[in-house]
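Based on these hints, arrange chain Y on the given structure of chain V.
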Amino acid sequence: MSLLALQRDFRTWLTTESADVGSRLEPGNASGLSIYLNNYRSSLMACLAESYGTTQAWLGDEAFAAAAANHIDRLQPHSWTLDAYAHDFPVTLAVRYPDDPEIADLARIEMMLGLAFVGPDADPIDPATLADVDWDTAALRFVPTLDMLSVISNAAAIWSAIAAGQAPPSAEILPTPATVAVWRSGLTPCFRTLDGDEHDALTLMVSGMAFGALCGRLVERFGEDAGPAMAGAFLGQWLQDGIIATVVSPASEQ
Amino acid sequence: MSSTHQFGLGLRKPHYGDFLDHETPVAVDFVEVISENFMIDGGKPRDVLRRIRTRHSVALHGVSMSIGSADGLDREYLRRLRALADDVDPLFVSDHLSWSRIEGFNSHDLLPLPYTEEVLGLVCANIHQAQDALARTMLLENPSSYIAFDGDMTEWEFLEAMCARTGCALLLDVNNIFVSATNHGFDALAYLAGVPADRVRQIHLAGHSQGRDLLIDTHDKPVPLSVWSLYETALSHLGPVATMIERDDDIPPLGDLLAELDMARMIAGHGRLELAA
Numbered sequence: 001m002s003l004l005a006l007q008r009d010f011r012t013w014l015t016t017e018s019a020d021v022g023s024r025l026e027p028g029n030a031s032g033l034s035i036y037l038n039n040y041r042s043s044l045m046a047c048l049a050e051s052y053g054t055t056q057a058w059l060g061d062e063a064f065a066a067a068a069a070n071h072i073d074r075l076q077p078h079s080w081t082l083d084a085y086a087h088d089f090p091v092t093l094a095v096r097y098p099d100d101p102e103i104a105d106l107a108r109i110e111m112m113l114g115l116a117f118v119g120p121d122a123d124p125i126d127p128a129t130l131a132d133v134d135w136d137t138a139a140l141r142f143v144p145t146l147d148m149l150s151v152i153s154n155a156a157a158i159w160s161a162i163a164a165g166q167a168p169p170s171a172e173i174l175p176t177p178a179t180v181a182v183w184r185s186g187l188t189p190c191f192r193t194l195d196g197d198e199h200d201a202l203t204l205m206v207s208g209m210a211f212g213a214l215c216g217r218l219v220e221r222f223g224e225d226a227g228p229a230m231a232g233a234f235l236g237q238w239l240q241d242g243i244i245a246t247v248v249s250p251a252s253e254q
Numbered sequence: 001m002s003s004t005h006q007f008g009l010g011l012r013k014p015h016y017g018d019f020l021d022h023e024t025p026v027a028v029d030f031v032e033v034i035s036e037n038f039m040i041d042g043g044k045p046r047d048v049l050r051r052i053r054t055r056h057s058v059a060l061h062g063v064s065m066s067i068g069s070a071d072g073l074d075r076e077y078l079r080r081l082r083a084l085a086d087d088v089d090p091l092f093v094s095d096h097l098s099w100s101r102i103e104g105f106n107s108h109d110l111l112p113l114p115y116t117e118e119v120l121g122l123v124c125a126n127i128h129q130a131q132d133a134l135a136r137t138m139l140l141e142n143p144s145s146y147i148a149f150d151g152d153m154t155e156w157e158f159l160e161a162m163c164a165r166t167g168c169a170l171l172l173d174v175n176n177i178f179v180s181a182t183n184h185g186f187d188a189l190a191y192l193a194g195v196p197a198d199r200v201r202q203i204h205l206a207g208h209s210q211g212r213d214l215l216i217d218t219h220d221k222p223v224p225l226s227v228w229s230l231y232e233t234a235l236s237h238l239g240p241v242a243t244m245i246e247r248d249d250d251i252p253p254l255g256d257l258l259a260e261l262d263m264a265r266m267i268a269g270h271g272r273l274e275l276a277a
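Protein sequence lines correspond, in order, to chains V and Y. Numbering follows my numbering, in which position 206 of the first sequence is assigned residue number 206; successive positions increment by one, without gaps. Numbering follows my numbering, in which position 3 of the second sequence is assigned residue number 3; successive positions increment by one, without gaps.
Chain V with its partners taken away, still in its complex shape (with noise of 0.2 Å):
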């Protein structure tokens, strides 16, 4: 046999338990392949287990078990990390449990601050460089870690309750689906939940708008009083949360 084709018939082993590749690769009891097979199936679904850990305390140790089983049942890893396979878990709990979106919204939030403890690293902007910035030409250059989600149910709550020792909350879909937004600070993975103006103002000045623009956008939409107030809170808090990597001009960008 082939080297390439002993290790296909390993692959179709270990993700089928074929009997008779098992046989041709182990003639007689299989004690060896088992013991791969163990160690296939122990490291994949010790690697769920280590990505979701919240998830896990959310459905209970046998549910969460049974869920990952049937995520390698279903999904073959790809990826020279195995932090990777990580990556689809949400999909297979969102198929699992349609009627109960906030495990999948759970598991998509954790696998994002996931991501972001591992994202490029980049300093917050200090404030205190701001002074002379031209806000009407200026745009805003984000950490790489910031990234965004849309979820329907109540799990950022869930997510806080039981990442701080407390009772969650019951799951609830909520009135209008909200937005997450997850990025890291310093060392630390962070998240907050948007309202729906923030996440507009938010989602058009990472496209690359000028702070201008968006005071323009916000003052045709709330008026000459609001528009401009409700973007200065949403600067505020974006270089409060530390998610601002770099305020940019025209001129700088050239």
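It is worth saying that the hints were derived from the structure and are not from the lab. Using N, Cα and C, we set each Cβ at its ideal position, and we do this for glycine too. Misleading hints may appear alongside valid ones.
If you want a taste of the chain Y side facing chain V, the calculated C-beta under 7 Å gives, among others [said to hold, decoys possible]:
| no. | residue |
| --- | --- |
| 1 | Ile102 |
| 2 | Asn106 |
| 3 | Leu111 |
| 4 | Met266 |
Just chain Y now, kept in the frame of chain V:
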């Protein structure tokens, strides 16, 4: 290559504080980290590694290169490992004589290879590619295994031919020799006598567990007497080498591992086992 024996530990999360929070560095010559845990863009793991590197030499030990893959190596993996190695300036870069990936599937386990001429040619081609990509000599570790395939040569003959063809060096895992020798019925002393001694740069010492039919390389127990004894014999064949304790599960307080490392120092220094003392 150091002119004296060196002694180190595998760095694991429960001991980060021991290594970083005290003014006096831990008394080891080097630490070994799992490469893949740090082949990331940034964040706390890379911060820990940067701070560790200011105190200790670091060896990079990989588990996912899959040097025995019939369909070659993953270039993105090599690119990331090269970037990490350039950043760390490691004492060694090592991985295992095994395979884990084939045609997009990754088992995340160290799977066994047949020791045939076909596999030798393929493994050597992959080692050449890895060494070129990393611009460094690789260390390859002998695996523990639970299946033995029909082959053209013994594992130690394979290691000797692999080193001769590629110039790679060896990370000799003494526990793995014991586990595989017990599981497959070969002579561990013949293995040690057959390994190209001048290519061994590093030694792993670890514990194992008794499974239903076979020994399992679990790294969850202290180094047993059988492995210490084999280590003593190994040192009689080798020149200066970097020895470390490798513990991955049921991780004890750092002091327990340092005591095991003192045992290794004692054996290397006295050339005999004084376990009763």
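Now the hints, each set against the structure:
1. A hinted interface residue such as Y:Ile102 counts as satisfied when its beta carbon comes closer than 7 Å to some beta carbon of chain V; here the least separation is about 4 Å, so the hint holds.
2. Proximity of Y:Asn106 to chain V holds as hinted, the smallest CB-CB distance being about 5 Å (cut-off 7 Å).
3. Restraint check, Y:Leu111 versus chain V: the minimum CB separation of about 6 Å is within 7 Å; hint holds.
4. Nearest Cβ of chain V to the Cβ of Y:Met266: about 33 Å, over the 7 Å cut. The hint is violated.
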